[in-house]
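> Same order as they appear, the protein sequences are chains A and B. Note that the working numbering numbers the first sequence so that position 411 is 411, with each residue one more than the last. Note that the working numbering numbers the second sequence so that position 108 is 1108, with each residue one more than the last.
Any given hint could turn out to be false.
Going by beta-carbon spacing under 8 Å, a handful of chain B positions derived as facing chain A [said to hold, decoys possible]:
{"#": "1", "residue": "His1091"}
{"#": "2", "residue": "Leu1165"}
{"#": "3", "residue": "Gly1168"}
{"#": "4", "residue": "Asp1416"}
{"#": "5", "residue": "Arg1437"}
By construction, these hints were calculated from the structure, which means they are not laboratory data. C-beta atoms are modelled at their ideal positions from N, C-alpha and C, and glycine is treated no differently.
2 protein chains.
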Amino acid sequence: MAAAVAVSLLVSPAAAQVSPEIEACRPAVTALLQEGLARGQAYDKLAALCRVAPHRLSGSPGAAAAVEWARQQMLADGLQNVRLVPCMVPHWERGQVAELRVVEPAEAAGERLSILALGGSIATPPGGQAAEVVQVRSWDELKQLDEQVRGKLVFYNRPMDPTLLDYGAAYGGAVDQRGQGAIEAARHGGVGAIVRSMTTRLDDFPHTGAMRYAADVPRVPAVAVSTLGAERLAALLGRGPVRVRLELDSRWLPDAPSASVVGEIEGREWPDEVIVLGGHLDAWDVGQGANDDGGGCCQALEALRLLLALDLKPRRTIRCVLFMNEENGGRGAEAYRDSVADALDRHVLAIESDGGVGTPRGFGAKATPEGLATLRAIASLLEPAACGEMRDGGGGADIDPLHAAGRVPVMSFRADGQHYFDLHHSERDTLETVWPREINLGAAAMAAMAYVVAELEQPLPRAPPDAAR
Amino acid sequence: MAAAVAVSLLVSPAAAQVSPEIEACRPAVTALLQEGLARGQAYDKLAALCRVAPHRLSGSPGAAAAVEWARQQMLADGLQNVRLVPCMVPHWERGQVAELRVVEPAEAAGERLSILALGGSIATPPGGQAAEVVQVRSWDELKQLDEQVRGKLVFYNRPMDPTLLDYGAAYGGAVDQRGQGAIEAARHGGVGAIVRSMTTRLDDFPHTGAMRYAADVPRVPAVAVSTLGAERLAALLGRGPVRVRLELDSRWLPDAPSASVVGEIEGREWPDEVIVLGGHLDAWDVGQGANDDGGGCCQALEALRLLLALDLKPRRTIRCVLFMNEENGGRGAEAYRDSVADALDRHVLAIESDGGVGTPRGFGAKATPEGLATLRAIASLLEPAACGEMRDGGGGADIDPLHAAGRVPVMSFRADGQHYFDLHHSERDTLETVWPREINLGAAAMAAMAYVVAELEQPLPRAPPDAAR
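Okay, chain A solo, but in the shape it has when bound:
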């Protein structure tokens, strides 16, 4: 057993050693975690947001309600300089009709498969559009079929790879079908796209999400079908030709005025230097966007309230930015970036929570090795709460523009992701899937990370440009 003993010495987790100035923040970090667990209000905030504005797609009345709710919440929490950063947003409406019915084979005629329009899809003609279905499992297959696709609905049925231990990587490996499916179908003469929902779970909830059109090909309707619906369609196709009737009445409207919502705690020593904590206020118009990303918004909001509750006045400014239009445009992120164009070099760090509000695991950061080491040392203060992991690589759709424009170090708050894509963009994404201790602990972890970075004598070094990575 000598070998085993040797292993013991090697794998005993080394106690993280941190610099004195970080170590000095440990009591504040512990107090934040305990305050979050004992009296945290992130869950209560999320319950309120899900009640006031369960559907918050950009341009909708719900999105406007969410903006006003967030503004009032920041004022109620005592944040400073509460303001809106206006932007014009794309305005798409799902409509009332989303039906996919089997026409042939005769023995399945009338069967209805569960679908949702993909975000941005055009409508079908009123009464729907009947067409044959052709299944593809790869882009190569589509290319080979080429003209055989003409006049048909292309059924993208390449599942997410369930064996990937990182569920997010499995999503990343399949979501090109959703984004590009309509374009590539139309390029080969297809009249629409039916995309297998982005989840490994077999159930009857379709998952919506953004899709794109291209200027050089016709726009065709695109929908997500539930995974059970996809299995059914594949089974029917295994027996012979399948015709379906697809009907959608979604529509595009002119861009609408909207805004991101900003509030902050001014730094006591270097108020011009800023740490951003954010999430995105818009959400898809199914479920309640509780995880994506109402919860992230409420964690960012609550992080600042926790600092105020404990009277932790940071040296640098800590700013909450609740971005509009992450899901289908990114206009809020662009507008915020532009609004701080001459202050980017004083943006020390930006953290976004946009990976669901499961149990906290830690963070990931895009930073120099030196910056990453500092962040890792700070994260180690969170290990007693089992959320002290720090990964190399991170950011978020709303804060990445700050990195691109000003090499601002960017960071993702990371909740455990093993069930995130079971609910993402579907009717399942409701408050009932969120647990108070988990969302509150995440808020406290974000507050702790921001606070310690705000206290450091030296700001974090600028992040390396993406090209270098």
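With the hints as your guide, set chain B onto chain A.
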């Protein structure tokens, strides 16, 4: 920034180094994790168990259904030597009535607080029992009140400490009120016990659980009140005397015959040496016992099926034991221990999953330092799935008797516990709180741990006795 750079070197996670024989198992471990995620059936098994036998309290028809379901599942999965280990179990029935109504003050008269009988409580007289309520927040307070308690209902309102980062520790710090409340109330002349539910969440779900009586004091009824009910009662008591009427019709019946269910994969080389994987088949008669502990049972069952599916025939026997009567007696654990009394020294390891089926984190073990080092090296193979933590300390109510009698190393499978006590022993503990990837990944992690231990040339050293720890 020199200090920060130094920190970087110190806290970079050391790659775990493992002995060659453990390293040789890495492909099998990876295959198990991927098979679990891709085709795991732990969730499907749990769905079936929750449908067939949602209420499985010892002695009930539901418990009998669960035993038969488990036996058939083991046969269907192809386990060997499928058998029952019989035991006689305590038989308590909740009954139909559990009411706590305010009588005074007049302005609250008729208000009903949400309660559940604690498991094992006697009934009140038919029509209920009216009494004044006296609140205590500590055993000292009860002792000081002493005779003032006579004729009253003792309201134990010491909350779980929400600031403890380990939710299980918070539970451990408060659950004495549930176990001992009726005894100590009666010792001072109290006529019953009302115990604040064991959760930090404020809601209206009462949480049941085991309570005890003592031979030297009268038996009095005992109930759990929801946390919101407890807050209401405390608020009323803050304004003056409170009288309530408590009614329960729970009852004790004679001990009933039942059984634990056992099946195994015989070792190819040392079939007499055994690794036990277990959970407990009985559950409280509210919700569906999905997390406590239907999920643990299904993970243990599924772990063996995964091994068979991958044709991983271990050197030692891997045995699934689904214990009866963990919640209110431990008779199944005793009967299993007695049934293997002359084989305890060939029980190499026992692992129980009984901490909910949230996202997997790792394991905890009661073993010698040498044994723990080996287990830690094995667990490191699970790090790609973020469940490779190995803690010093672990076991389970059903396997601890194996340790006590034979110093068998015992181990708990550890899921993340931040929401476990929000649902534990309440109507919330249903299938809807379980996610397929999480329960399936846990089953695979248990299979991997058991498999590698079953392959080791040398068995794990016996665990130290408890007295030495």
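> The structure should be examined with respect to each hint, and the outcome stated for every one.
These are the hints, each one checked on the structure:
no.	hint	in the structure
1	His1091	violated (34 Å)
2	Leu1165	holds (5 Å)
3	Gly1168	violated (12 Å)
4	Asp1416	holds (5 Å)
5	Arg1437	holds (5 Å)
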